[in-house]
Structure formats: C-alpha cells, structure tokens
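Asks: Sequence:
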Amino acid sequence: MVKLTWGICKEVSIIKEIVINMENEIFRGNLLDVGTDNYGIIYNIYKQYNEDSNLEYINGAEEKESIKEGYYDNCILLFSFSNIFFKKNRMNLIQEIYKYLKNGGNVYIWDIDKKIKETFNGKIKILLPEEKVKNISIKDLNVLKDSSIDTTIKLLDPYFEIKDLKSSDGVYYIKGKKKINTNTKEDEKRKEEINESTISSH
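All residue numbers for the sequence shown refer to the working numbering, where the first residue is 172 and numbers rise by one.
It is worth saying that the hints were derived from the structure and are not from the lab.
Hints are all accurate, no fakes.
Pairs of lysine-lysine residues, derived as BS3-like cross-links and limited to a Cα-Cα distance of at most 30 Å, are as follows:
id	residue 1	residue 2
1	K346	K270
2	K348	K286
3	K218	K273
4	K334	K294
5	K187	K310
Please read these numbers as outputs of a predicted model, since none were measured by experiment.
Work out the full structure, taking the sequences as your base and the hints as a guide.
Replies: Here's what the structure looks like:
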C-alpha cells in the first residue's frame, strides 16, 4: 500500500505550504510518467529500486509515438492532470493510459483538489529517498476549471478500480487498478454519462 503523509507547515496570506512524504514510495516494473513537468521526482524514486526496468516520459505527440500498449506496470501523473483544461481531454488521456497499462496495472495521481469558482496557490515540499527534498510551486487561478477529486474519480471509474485515495488541504492522491473488463453494462452507462457531461462542459 502506498503511504502518504500530509503536513501543513503554515499559511502565509493565501499561499498554502504542504508537505508530501514520498520517501517510502516503491514503483516496480515498467513505469510511464505523464506530465508537462516531471521535476525529476519520479526518477529519483524509481531509480532506487529498478535497474533493469523501463521508465518512459510522455508529454506530447512525439513521445506518444514511442509508447507501447499493454506494456507498463504503473503510470504516474504528478500534478499534471489538472493542467488539462477540458474534461473530455482528460477522459481521452485516461483511455490512453488504460491501453498502455498491463492488465492489473496501476495509475497513481497526485494533484490539486480545486472545484469550479475556486483557486489554488500552494508551495509543495516533497520528501524523497536519501533525505532529498524537492520544492515546487503550483498556482491555478482559473475559476472555470474543475480539477476536483470527485471529477477525477468519475473519469477514472469506468476504467480503474479505486484502491486508495486521500485528500487534504487542497491536494489529493488516488491509486487506481486497471479493470480487466470495462464492457459491463454498468461501466458502459458510466462512460455514456461522462461523455454527456464532457460535451456539456466542452
């Protein structure tokens, strides 16, 4: 089970200071890191436990051409899912991740929990193995964008079984396991509902 430790140091003005402990994270097997900025965080964790496995980054069409379907054991989105504005595009990404993962593969998402009409301004300290620390700043002032954990769960649900989730102080963590069969009537109904909601919200 992935352990996640949250701690709020202090709040200065509207800026939140958040601590995420990833010192004990272990990702074994082939890993796909999806995002506009990987910050070197996932690489520092991954290299501790994997010598012969493969770590791939995807950030655009060129990288996507080299990604193999049904090949990866794990996929990670570290503060990158909320960078995608439209729900439809986020749903398309989840569908692609589903194809890239092996049966039973896992998706891990860390991101901001921001609803419509809300903003987020935070400094995040991430604790890494070997007592390393990475500091990142995330600001999202777009009040029209829905990056909430509830919306993310709805998008994941037809394709992934939620195995773990945490939410605290405007940041959430989700672990989902790839469903082997997504063609059940219940899953198809959820896909249709998501399609309808994404069309209405672009």
